[in-house]
Structures are given as structure tokens and as C-alpha cells.
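Spelled out from the first residue to the last, the chains are:
Number of protein chains: 2
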Amino acid sequence: MSYETYFQNNREKHLAELKEWLAIPSISALSEHKPDMVKAAQWLVDKIKQAGLEHVELHETKGHPIITADYLHAPGKPTVLVYGHYDVQPVDPLNLWVTPPFEPDIRDGKLYARGSTDDKGQLFLHIKALEAIIKEEGTLPVNIKLCVEGEEEISSANLPGFLEANKEKLAADAILISDTSLLEKGKPAISTGLRGLCALELHVDTANTDLHSGTYGGGVPNALHAIVSLLASLHDDKGRVTVEGFYDGVPDISPLMKEEFQKLNLNEEQLRESLGLEQLYGEEGFTFVERTGARPTLELNGVYGGFQGEGSKTVIPKEAHAKITCRLVGNQDPAAVLENIKRHLHSHIQPGAKLTIKDGEKARAFNIDPSHRMLQLAADAYEDVYGVRALFTKDGGSIPIVETFSRVLGAPAVLMGFGLPDENLHAPNEHFNLENFDKGLLTIVSYLKRI
Amino acid sequence: MSYETYFQNNREKHLAELKEWLAIPSISALSEHKPDMVKAAQWLVDKIKQAGLEHVELHETKGHPIITADYLHAPGKPTVLVYGHYDVQPVDPLNLWVTPPFEPDIRDGKLYARGSTDDKGQLFLHIKALEAIIKEEGTLPVNIKLCVEGEEEISSANLPGFLEANKEKLAADAILISDTSLLEKGKPAISTGLRGLCALELHVDTANTDLHSGTYGGGVPNALHAIVSLLASLHDDKGRVTVEGFYDGVPDISPLMKEEFQKLNLNEEQLRESLGLEQLYGEEGFTFVERTGARPTLELNGVYGGFQGEGSKTVIPKEAHAKITCRLVGNQDPAAVLENIKRHLHSHIQPGAKLTIKDGEKARAFNIDPSHRMLQLAADAYEDVYGVRALFTKDGGSIPIVETFSRVLGAPAVLMGFGLPDENLHAPNEHFNLENFDKGLLTIVSYLKRI
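From first to last, the protein sequence lines are chains Z and G. Counting along the first sequence from 1, when you hit position 273 you're at 273 in full-length UniProt numbering, and nothing is skipped either side. Counting along the second sequence from 1, when you hit position 298 you're at 298 in full-length UniProt numbering, and nothing is skipped either side.
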């Protein structure tokens, strides 16, 4: 039976299984979901065993469990380590979801649920592709190792140590990861670069209590005034980050890279319209693809303080808060970037306001040469299924662990993504296009057979 | 029996009654408390009747009910109209209250509850003072009218119309209001000026959904970036409001006024310390008393957008929100100020961000000449009880209706407050010092007898 037929025959069953997994709210960032994390991990362990993989182990960590497994019956053949994550992002604002984030729903050929594309849905493809080959051919054409974590959305705190401690056990010739996107429908892409990341939270405190704006207004510091002027100081009016030293280690965009970017032929006007934007916006002098692919950013992810209820309240808030993440490129050092931002913040805080800063995750950017054989074979596999060869791109997102994996195991990372850029990952109404669910299964099978 | 003895004998009973009233969460700003508003109004109607006042009426409005009553048995004597409000401010952040806001609690001679000082506690003094005189002397020494509303904290939307429609019925020689503060413990003050007010809410929208900061970061507008730079543009680094025309109608501080302010002899260092501040802060070139008494302000009362939960979330928020109120002085026209702010905001919004602005309440500043007989008698009454004559001050707060009352009824407003500036009005742990509860009752009796 052809794999097309096999996957067609099993489609309903596979989707029902995936929906079951997506219904478990495995939000790694929120401690109240700890039991759901265990449940989601255990669900996956069972499916990996069912698929026919061996040595399936669930490793406890200080955070959420890591799962490993293998199938090593192709002596002399390369070993591929498949990585993915079973944790998902928080879901607020909940009111913007058309159907609840943990009640998976298929509409117009798309599967809606938190985690559907990032990354349960994509990881699920690998389990089912491996199961299919084992069932159809009795064995796998390559050696396979599996390493799945539950902390990708919260900086993979425990995976680097686990990798170091299990270097031999996890040794591989390539690391295969499906946690990225096609360029657009029908246009596969292999990312040869991921931006790095660093995160911080800041807290501004003024008085020991909220104050009445009549009695005190104009005479005392207002935590909100202090935080907005502080945060506004982080960018100039050309969209450039003003933090001293922020751009250290950022490479110029080479003529070759510029050419690669132009090949992508992104329609900015179409993108603008699809996002409902009046206009795109960013650092002056760069295109959208350059801004997201080759330039670092400093983004405010959350700002809050004072009264948020209905109506008005004449209060001078005593505290205000902000959450910031940066995307890093080239040789930017996340630790140095954090230090520079902290120095900037401390030197720009308004008199009378106290500033506290808490560091978050840190990850370096990742880059790989597209001429590597394992990447070229991946492009071929896409061509088998999609009819067009994958383009090699730079991805704006971060999978902090990719750089670590690649460095610790000394192997190339193959970012074979099956999402689409507009699938609302990290946002309300996250979904996964089932066209790529179907094609993803076939592409993985083709890749493993080609190696 | 002396009034001291009378109030001493009834103290427990009076406090128990007041606690009963404070336990009703009459938050006018939140629609879910509509039934509590009715309950709090009805409770007051009953107490006014018990006190012996006549023609007690509850008037329905488009918002919350207005209560009127009178006692007109002193022919040839002046008529005093007592005003107060039974609505209270919202209570968040709830976690900062030591005891719940609607479970009144007496600690260290202070009554803790939302509304204890603003304004239920102070209004209650008038009801009990009137009741005492009627009980002790069989009648009142002046004619009394009562007008109590439930919308003071939300701009008194319906009272001005009510006043216009009932001009004759409410005609009086003075309007007596206890909704302000002593200068400090043992130092009574009569406010001869209140700042005006205008309010607005603003909403910034960018994309049609929250976006992933990896895929889009650096290439699309971020609603939070847009709002912080917009809000930061409202002040310069000398604490001055940068909105063109904002200071139109603001009088210079005259040498006489400067002298009055100096007489207050405010200890700025002590104030700073009591508020837990590193330093006071405000418009350069003015003292704290000048800033809050004679200068206008533009305050951010709330700002929010994006992720507020535990941990981090790499999201580009699609919307951000802010609430602003201004305190106005002299001849500043609230409508013109609002227009000027709106013009400023629309001309400073970042490209790619959409701005929506919603107007809130508007009120002019109020000023009265301290040499007026009704004010001088009030200062005498304070002296009878506190042993020191009240100082005439300018108050930073706004009671929007005072200017309207005074204008529509053509009578002086006597702001005979019994609160203290540090009683956390509009903030967690609002309280009322019982020393001023006791002295307030006696001061009101003395005032009415002196007229």
C-alpha cells in the first residue's frame, strides 16, 4: 500500500488522536497546569510506544519531564535525532478565541487549538510517520532517536543540562525539528537561521500606596509616567533600538543575503492587508524580510499598571510593570544585551521612581550553511511531496534549544517546518492547516528514506 | 445634656450604623453594583427619616438615585443645603487591603472601609448632628435642605440637570459640604478652591490579531510601543505638560497666594517620608503646595496591554489602552483642554497605529472668597471644637458638582471637611480617623447654631 493510501486510511484516527492530545492544556508557563504537563507527557509516551519505538523513557527534571526513545536497527546508516516540544503558550486574551483553545475544532480544513501548529501538531507528524514506516516495512531506513521536552515556551531551562549529561546517548548525524513554517501555502522553506532571544521583566515602584490624584496629583511621581517615558526611551522615531551597544555583533546584510531575501519575493502589501494593518512598521532602511530575518528587535510584550476596570478612577498608581523580549541575530551575546538594556533602564528612570529588573531566558542566534547534505536532502523531500524545492530562509523566531543541540551534539539541525506564518501561533485562534498535516507526513517519510 | 455627652452616649450605636452602611458596596462606576447603589440609597433614606427630617424623597435618575429632604421650621433664618454622596470608588487592587473594603474594621482609632472618609463617613456626621439637635432641642436653629447623590465618583452626570429643574426647591443661602480634609491632625482647613477635572480613555489598535514576536517582530507596529511613546510625549522632562494650549486660563500664582501657601508651612520632607517616596516630583519651579493647589495636571490613571500573567510571552500585542484624568485650575475650560489633548494625541500617534479616544467627565475649577460670612462662621465653629481656627486653603481635588451647585443656586459653598490627607481615599485601606468623627459632629452642631 502506498504511504498516501496508508495516511488517507488512517486520517480520521490520527486526527482524533491529535485532538485528544491538544485537549490537554499543557501550558508550561503557568504553575497551575503542572498536572496537565505530566498528563500530556504521559499521553505522548504511550503514543511513542504504540508507534513501535524502543527504550521509551520519561525523565523527571526540576521543571517538566523530558521524553527520550530510540529505534536503532539500521547499522551503517546515519542517525537522526527528532526533537519537538509538548508544551504550549498561555492562551489569553481568551475572549478572542472563536472556539476554546483546548477544545480542538476543525473548520475549513484547519485544526484550531492551542498547540495545533506550535508544536504538538508538528511533532505528532513524526510519531505517525515513524509508525507508518515500521508498520509498512517492518523497520526504519535510518537509526532514529527522539528527544521531546516540555519547556520550550519557557526557555528550555533543563534541556541543555540534560543534553550535556546524555551526549553519548543522544549522539546523532542530524537533528530533525518541525517547529517552523512554510514560506506560504505550497511554498516549503528550510530555515538556516533562527534569531536568539533574551527576556526581562521590569517593575517600577513609587509611593507606598496608590494615591488620590486630587490631593497629590502634580506633586508626586506617578509609576505610569515613569514607566512610559522609560519604555519610550528604548526606541528612536526611526524604529531603531537606542540602547548603547545593542547592535554589537549584528552582521551587516551581505549582498548575497540581500539577494536571497529578494528571492523570497514577499508581497508586503498583501501581508499588510492580511494582518489588518494600516502599514508595516520597523527599523528605517530595511525591508520586512530583512527586519524579521536579519535584524534584532526589542519588543514590549506586556505593560500594565493602575486602573483597568470600567469607567475612570482618579488614582496615581504606586507601581507599574513591563515584560520585554529581544530577538537577536549574528553574534549578539544575550547576556551582554541584557546588561546593556539594564544599564540603559537604570540611567533613564525618572527621579523618584524605583526600578527593579528580573532577567528571563537567554539564547544565542543559530545559523547553518544551506549546502550541507542533510539540508539538501530535506529540500529534495519537500520537492517529492510539494512539487517545489524548499527555499532556504532565515527565520525571525527563536527555538533557543536549536543552537544548543547543534553545539552540544556537534550535528546540523534540519528545520523542516510544516506550519504557515499566519497560523496565529502564540495568539488567539492558533490553527494548523490540514493540507500540511497530510503533506508533512509524506515529506518526513520521503526524507528518512532518502537519507 | 451637652452635645459632648449626647454623642459620647450614642457613639457605639452611631458607629455600628455607619459600619452597616459602609458594608454596602456602592461602587457607582461598576454596573454590577447597581443593586447595591439602590440598597445604599434606601438605607440612607431610612436614616434621614429617623433623624427627623421631612419630605424625604428618593428621585430616580438615568443613573443612580438622588435623595432630597428638608426641615424648614426657622422662619427668617438662613437656609443651609447639605450635600454629600453615597457612592464610593472601585477597590482594586484588592490584594493590598489589610481587611476587606466592605467589611468595616476599627483599628487604632481608625475606621477602615471603602467610603469611610469619602464620603459616607463624612455625610453620616451631618445626619447624626441634625438628629442630635432635633432630639435635644425639638427643632433646628436654621432651615435645612438635604441633597445627596450617588454619582460623585463618576462625574455627577445627572445632578446638574436635577439642580436646574429644582432650583426653587433647593434654593439656599449656603451649600454645606463635608468631602474634604483637615490640613493635618488637629489643623482644620476650609477649602476655598477645588481643581476642575477632565477625563479621557484612549485605545490603540494595530493588527487584527496578536502576533508572534519571532515571525513578525521588528516588521509590524506593536500597540504597546505606540502607546508608551504617545503617552511619554505628554510631559517634558521638567514635569510640564507638553500639550499645546494646555495652560490657557491658568492664572499666575500671585504674591498674596504664594504667601497663603507659605503659611501652610508644609513639611515636604515629612510628607515624602510618610508616602515612602525617594523624592517628591512635579513641575519644575513650584513647591508641592503650589503644584497641587494652583497648577493643573495630566495624570495617567491606568495603562495596559499585552501579557500580564506569570512568566514571559513572546507576543506583539494588537491593542493597548490608557486612562487619563487632568486636574484643572483658574479659568481652564475642560472642553478646550480635552480638545487640545486629543489634537496632541492624534498628531503624535506612531505610523501604523490606530487611535480611538473616548471623552469622560468635565468640570471647571471652583473658587470662593474666604472673607464671606458663611466661611468665617465655619472657621469659628472649627475653633470652638478644635481649639484652632481653620485655615483657608486651595484643595487639589475636584468635587465637580461644587462649582455647578454654587453657580446654579447662586450660593457660596462651604467646604467643611473632616478627613485627613493620608486616609487613602481612592486607594486600598481607606479609613476615617474617629477623632474627627467625634469632633466633626460637634463642629457641625456649633456651625448650625452660630449661623
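Hint data in this document are derived by calculation from the structure and do not stem from the laboratory. Take the hints with a grain of salt, since some may be wrong.
It does not matter which identical chain is used: a pair holds within one copy or between any two.
Stated by the list, open to error - Cross-link-like lysine to aspartate or glutamate pairs, in silico, EDC-like; alpha carbons within 16 Å at most:
| id | residue 1 | residue 2 |
| --- | --- | --- |
| 1 | Lys-34 | Glu-244 |
| 2 | Lys-185 | Asp-422 |
| 3 | Lys-354 | Glu-273 |
| 4 | Lys-39 | Glu-244 |
| 5 | Lys-358 | Glu-310 |
| 6 | Lys-167 | Asp-369 |
| 7 | Lys-47 | Glu-131 |
| 8 | Lys-62 | Glu-269 |
| 9 | Lys-19 | Glu-403 |
| 10 | Lys-135 | Glu-4 |
| 11 | Lys-169 | Asp-248 |
| 12 | Lys-19 | Glu-164 |
Computed from a predicted structure; not experimentally measured.
For each hint, the structure was consulted:
1. For the homomeric pair Lys-34 and Glu-244, neither the shortest alpha-carbon distance inside one copy (40 Å) nor that between copies (53 Å) is at most 16 Å.
2. With identical chains, the CA atoms of Lys-185 and Asp-422 are at most 16 Å apart within one copy only, with a shortest distance of 10 Å there and 62 Å across copies.
3. With identical chains, the CA atoms of Lys-354 and Glu-273 are at most 16 Å apart between copies only, with a shortest distance of 15 Å across copies and 42 Å within one.
4. In this assembly of identical chains, Lys-39 and Glu-244 lie within 16 Å of each other by CA distance neither inside one copy nor across copies; the values are 45 Å within and 59 Å between.
5. For the homomeric pair Lys-358 and Glu-310, the shortest alpha-carbon distance between copies (13 Å) is at most 16 Å, but the shortest distance inside one copy (31 Å) is not.
6. In this assembly of identical chains, Lys-167 and Asp-369 lie within 16 Å of each other by CA distance neither inside one copy nor across copies; the values are 23 Å within and 84 Å between.
7. Taking the closest pair of Cα atoms, Lys-47 and Glu-131 come within 16 Å of each other only inside a single copy of the chain (9 Å); across copies the shortest separation is 79 Å, beyond that limit.
8. Taking the shortest Cα distances, Lys-62 and Glu-269 never come within 16 Å of each other, neither inside one copy (46 Å) nor across copies (48 Å).
9. Within a single copy, Lys-19 and Glu-403 get their C-alpha atoms no closer than 31 Å, and across copies no closer than 63 Å, so neither meets the 16 Å cut-off.
10. Taking the shortest Cα distances, Lys-135 and Glu-4 sit within 16 Å of each other inside one copy (14 Å), while across copies they are farther apart (96 Å).
11. With identical chains, the CA atoms of Lys-169 and Asp-248 are never at most 16 Å apart, being 37 Å at best within one copy and 75 Å at best between copies.
12. For the homomeric pair Lys-19 and Glu-164, neither the shortest alpha-carbon distance inside one copy (34 Å) nor that between copies (64 Å) is at most 16 Å.
Checked against the numbered hints above, the structure breaks hints 1, 4, 6, 8, 9, 11 and 12 and satisfies the rest.
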